[in-house]
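As you go down the protein sequences, you meet chains A, B, C and D in turn.
So the first sequence is numbered by my numbering: it starts at 559 and just counts up by one.
So the second sequence is numbered by my numbering: it starts at 559 and just counts up by one.
So the third sequence is numbered by my numbering: it starts at -11 and just counts up by one.
So the fourth sequence is numbered by my numbering: it starts at -11 and just counts up by one.
Any given hint could turn out to be false.
Straight-line Cα separation of at most 30 Å, DSSO-like style, residue types lysine-lysine; simulated pairs [said to hold, decoys possible]:
no.	chain 1	residue 1	chain 2	residue 2
1	C	K330	B	K874
2	C	K386	D	K400
3	B	K874	A	K874
4	D	K119	D	K400
5	D	K330	B	K686
6	D	K386	C	K400
7	B	K594	D	K175
8	B	K874	D	K119
9	C	K175	A	K874
Derived from the structure by calculation, the hints contain no laboratory data.
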Amino acid sequence: MEFSFSEEQIQIRETVARFLAERNSSIHIRQLIESKTGYDHEVWTSLGRDLGLGGIHVPTEFGGAGLSYVETCLVLEQMGYALYGGPFFSSNLLSVNALLCCGTTQAHELIPDIVSCNQIATVAFTGKRAGWARLDAPSEVNKGRLNGEKSFVTDGLTADYLLVIANDESEAGRGLYVVDSNDSGVNISSLNSLDFTRRLAHIEFQDVPTTRLGDFNFETHSEFVNLALVGLANEMVGGAQRMLDSAIEYSGARVQFGRTIGSLQAIKHKCSELLMDLELAKSAAYRAAAAMSEQEKDRAGLASIAKAMSSDVFVKAASDCIQIHGGIGFTWENDTHLWYRRAKSSEVYLGDASHHREQYLQSLEP
Amino acid sequence: MEFSFSEEQIQIRETVARFLAERNSSIHIRQLIESKTGYDHEVWTSLGRDLGLGGIHVPTEFGGAGLSYVETCLVLEQMGYALYGGPFFSSNLLSVNALLCCGTTQAHELIPDIVSCNQIATVAFTGKRAGWARLDAPSEVNKGRLNGEKSFVTDGLTADYLLVIANDESEAGRGLYVVDSNDSGVNISSLNSLDFTRRLAHIEFQDVPTTRLGDFNFETHSEFVNLALVGLANEMVGGAQRMLDSAIEYSGARVQFGRTIGSLQAIKHKCSELLMDLELAKSAAYRAAAAMSEQEKDRAGLASIAKAMSSDVFVKAASDCIQIHGGIGFTWENDTHLWYRRAKSSEVYLGDASHHREQYLQSLEP
Amino acid sequence: MNWNSDQIRRDVRIWLETHWDPNATLHEWRNLLVDSGWGMPSWPKRWFGMDLPQGMLPVVFEEFDRIQAVGVARTGIRLLAAETLLVHGTDSQRERFLRKILTGEKIWCQLFSEPGSGSDLAGVTTRADLKDGVWVVNGQKVWTTSAHHADFGLLLTRTDWDVPKHQGLTYFVVDMKQEGVEVHPLKQMNGHASFNQVFFTDAVIPQDMRVDELGNGWQVAMTTLMHERRAANVLGGSRQTRPNEGSIYLEEARENAILTEPYTWYPQRAGRVDLALERARSTGTISHPVVRQELAKLLMMARCTEWTAARARAAQRQGQPQGPEGSLGKLANSTVARQALKVHTMTSGMDSMLEGSDSPMDGIIGEILLSVPAISIAGGTDEIQKNIIAERVLGMEKEPRLDQGPFRDVRKN
Amino acid sequence: MNWNSDQIRRDVRIWLETHWDPNATLHEWRNLLVDSGWGMPSWPKRWFGMDLPQGMLPVVFEEFDRIQAVGVARTGIRLLAAETLLVHGTDSQRERFLRKILTGEKIWCQLFSEPGSGSDLAGVTTRADLKDGVWVVNGQKVWTTSAHHADFGLLLTRTDWDVPKHQGLTYFVVDMKQEGVEVHPLKQMNGHASFNQVFFTDAVIPQDMRVDELGNGWQVAMTTLMHERRAANVLGGSRQTRPNEGSIYLEEARENAILTEPYTWYPQRAGRVDLALERARSTGTISHPVVRQELAKLLMMARCTEWTAARARAAQRQGQPQGPEGSLGKLANSTVARQALKVHTMTSGMDSMLEGSDSPMDGIIGEILLSVPAISIAGGTDEIQKNIIAERVLGMEKEPRLDQGPFRDVRKN
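Based on the sequences and whatever the hints tell you, model everything.
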């Protein structure tokens, strides 16, 4: 593979960057944090429609732009940089991936409305507490009725419908199910999430009527999770880049003892090390994006590298950014903590660095 | 316990420090490295006899000074600082500890000659390769005959006799055995040790006549190992202190870009962090020494803390000292690598930091 | 003269037995105490003390604790104010302030740090100008605790811009209850608002409220900070919980509640090492060897840090002055807290995506994640500590200074 | 003009098919090659080249590799010498030196670093003084590779002590085979002696061996170092192993052996990541979750470092100049090597107490333990790399300089 981006790809990245810089400023983010839904519907729809990102890697037959996962990840990187918090991740990424992965016959009914941002979907696939990876998140389907619970569901409160990964006690086995969020048997409670810009929900299902969209066996599930990991990793390196930029900018302006703190080796070397870690993590995130779009054989391992590297670097970048800002960096008014919250939250979402280091090593076993 | 040393203790420390500064200079060390035995018999005997350290923590009834393990560790700290390489560690520490631990009836015959430095003994207790902790190092006794092997035996080539921890196939079980180094069935081969100042041997026993000195059950063995760990830890923090002192001295003299490199934050902060790590490790080493001499209940855990902390800090100190010296620090003529070799060697001897972190946590289990 | 601790113990015991009344009002009791000299025995006789050496204080405190007698007010920075005035104040200032500091009637705050001068405290730009016989103050202070409760403030200002920065500072006592002083809460990233920003707009200070000489502000501030460090190392004192019989305890509890409220998150800031092992057990993550490694690192570091502090205290007991080693402890605490943050994140797994009521242990875990970043900043950043250690403990060469000469010409924010 | 790669490929192929003879002597063949211009096609026609653009070189090398034709001599620093002379040398210097550099008849060394000036290269104090029409050199150089084989040296000296340090330097070609030049081996802590110390005592240099103007030495040295960096990033070329039919290969192998000997431990210096996984398996330590973590960290870092280097190369192919990003790669390599050292220590356990024949893998492990410390020093310490990254990549403010003004007055060792 070529380790550089094409003109077109760089252009997409810059378009998104400009758009978000304007429409997703931190002032705007702070307003949304206080708002009911937590996101700006207009910004989301014009990302999806005007910029045509609603189905960026969705085949044109479903109304998508038919680009690869590489472009999708470039977009996510910029969303991470700008701390964008709309339903793009849940709906246009996770849900689209789930539907494409399980190759449902109803793709034609469902995907276009997601692509066009007419509907918000999200995927309920993580169980309660640490053991996120459990494929046996206790959700069971019996005779078309779903019972059980899911947790840490992104945008669970704003989604029009839920894509639930559940197990049919009949031999049908694990599959992807569609559930109407408004069904009386669906009990969605908001979780108090550390990351103000990515709201989470805990969902309980009591005898909810549901339709099976398709099988979601082990291979399908890991492909879906790997896509999520790689998307997340690219979003995270974007966030880390923002933290580094912010630290550099502040340390160039802040004067103590008659010199900018950026002229002190302590700060310089902290930033240099951070840049190195960031470049390594970016390489991993880009490489994994290419591997996913090319369906490379070792993509699972590459996805784990990307998540492990980006988890560490984003937390480090956000923490260093606070440290370099000094006291002001610990205040509510300073924006740094908004990214720090995203960093700490993304660090553990879908498995932390140590989990993925172990995963990677297992992927090397003959 | 009181976290400070008495006048007397500080005086012992300073006496030893002065003695070794004079009699164990690095010029002298380099001569010994080239020598056959690798140590200076006179220096060792005057440490043992003139300074009365030959049996510093040995009860007076065996001709010892009857001091506690705290004083012994203070001495070892200074030996680490000076990179002393004589048989003190093998004979006056390990062997004495083994004999005292197993409470043999022949203590009166054996210990006084060690104390007076008339004989060199060493303990053969570690097996071949990584699995050092194996109590089942394959040495078996049958009808008073020893067969098997031991490895990483310190001063194995210079010792007059060997104290071997072996297992009697009869119900007598594991015990401490005395073996004449010169017996035809004892095959001692020198190992090419990284640490020039602590020579190691691999020893094979073929049908060697041996006498059982006493039992060496699990408790005895761990007490013996813990004493070794704590002694080693104190020696290591001494070595680390020397590396820090050397780095500070050089960085205060070395001028680049019109200023001492010691005036650069990069060097300053490296040294400050090192001092912090060193102070923490020293606290652990001192605390463990007190725990051993007081026979405190949780001394095994404290010994593991001491070894883990000192392993990390000594390697860090030696590596940082090389780095701060720059190119010259990587040369043969510069003394730093002599300590670096000791640091790397001691790091893994009797278990590395990660091993002892695990040990410590197990010691906390209810 | 030679002190006899048994004699002192007898004296204080007799005095307490005759005067202590758990149902007196805090005000009555403390005034009695202040007049007796047993409230601040190490202070000069002339100023509510007994001229006792520091070494004798434990004896006195033991007697107070024995019968659970309430001591003088100690919360907040009031005692720093008192100690500073004892060294640098005028008699009339001592007359006016000391008693009501000790009785707890008046609350004080410290006005040193500014948005533009954090690490570089001597760079303060809040100005005091002498106009028509009074000092007129303009500028902004920050990181002030309890400014919204405070009656008086210890204020560091710049009165001369044409001399080197340490020489142009002057120290005042400022009346906080005046028009020119505006206090705003300062909210931290963990949601607490433990500090204030204080804005001075033509605030007025009478000349007799200047502490020590014009241009001596830096020395006075150093005295205050020295006592702050010392206090940080002691603490305790009025910490232990008391039985609730006796109205005076309720009064005291109310007093403490107000001024200790801002500090409720400080234990979380330090990483709550005390919870780590139990969390690993209750979450089952203690079975993961990798978690065990990080947990062991944490527990080892924490214990070594305690032992190192104990060694420093022992050294002080043996007469060695408390020096910059304090910076070592502070640096170690940061390291421990960061490792604790790592361990709590590991043991909580995806639950560390939550805060508040949904976060484990009733939000404690979430508060740890959001508070630890402060430990390496508050009270002097890790970077500053490392400079202090390198230059004052290890004796390494100082950095070239770029802030000499007239402060007016020094590069500023 | 416009280059046609097919045309070039045809031309070189035809030339090679007519002239290449694996049984010619290296000397015959290389002279033929040098005259043809195919040895250094990017060089000017006038100096043994063909004025081809860099971009066309791969085409030519492919053809050489296709029929395994031997190229010009590339080992050691000879090509840095040649490139430097091409830019800064006089025609008579080029006449005299270039051909025999390319044919491999003459060996060169680089004499820049000194005991007193490592990171601070411009601080060299080896002096050259003009006496009776010749330059007389006194001083000491260090970290010189192959000085004991070298015929000529690239020498950086100070000729003016009264100007700022970068302006008082002059660059010479020095004849190493003369009385005033003494070469001693310099042994490293890993037991190898890959470098030399070179002592100059009234060594003599004729005036026409000065390279570029008096006082321009720094600029010339920068040219040499730029090519050194570039070479470090390319390498390859004559690296691949050749079939042994043909006497010329033996000659070439002998030539290489001499000059590559000092570098045999460099792979160990870089940590031998390639061995890590296999070592973990063969020692059984791969079953320890803690070892697995450290191993995974290592393998991840190493792969990311390769990908990052590939990104940098791709960027260069797209026309972006190779800039200070090189420092990022160097820093990453240090980090990888340190982690590799940690992993090899863990997997070897007590066996890492050994070196030489008793050390695992026939001593490789021991050599890793003793060589890795060099990676963060050689060719510019990690600290220097971080300064470069901060100031040139991140654009952070430079440190105040304390070495300005006449070099005579600058503080030195």
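Do the hints match the structure? See the list:
1. Among the hinted pairs, C:K330 with B:K874 is consistent with the structure: their alpha-carbon atoms are about 22 Å apart, no more than 30 Å.
2. Proposed proximity of C:K386 and D:K400 is supported: the alpha carbons are some 17 Å apart, at most 30 Å.
3. Taken as a hint, the B:K874 and A:K874 pair is honoured in the structure, with Cα atoms around 22 Å apart against an allowance of 30 Å.
4. In summary, the hint linking D:K119 to D:K400 is supported, as the alpha carbons are separated by about 26 Å, within the 30 Å threshold.
5. In summary, the hint linking D:K330 to B:K686 is supported, as the alpha carbons are separated by about 21 Å, within the 30 Å threshold.
6. The straight-line distance between the Cα atoms of D:K386 and C:K400 is roughly 17 Å, inside the 30 Å bound, and the hint therefore holds.
7. About 23 Å separates the Cα atoms of B:K594 and D:K175, which keeps this hinted pair within 30 Å; it holds.
8. Our distance criterion of 30 Å between C-alpha atoms is broken by B:K874 and D:K119, whose separation comes to about 51 Å.
9. This hinted pair checks out: C:K175 and A:K874 have alpha carbons roughly 23 Å apart, not beyond 30 Å.
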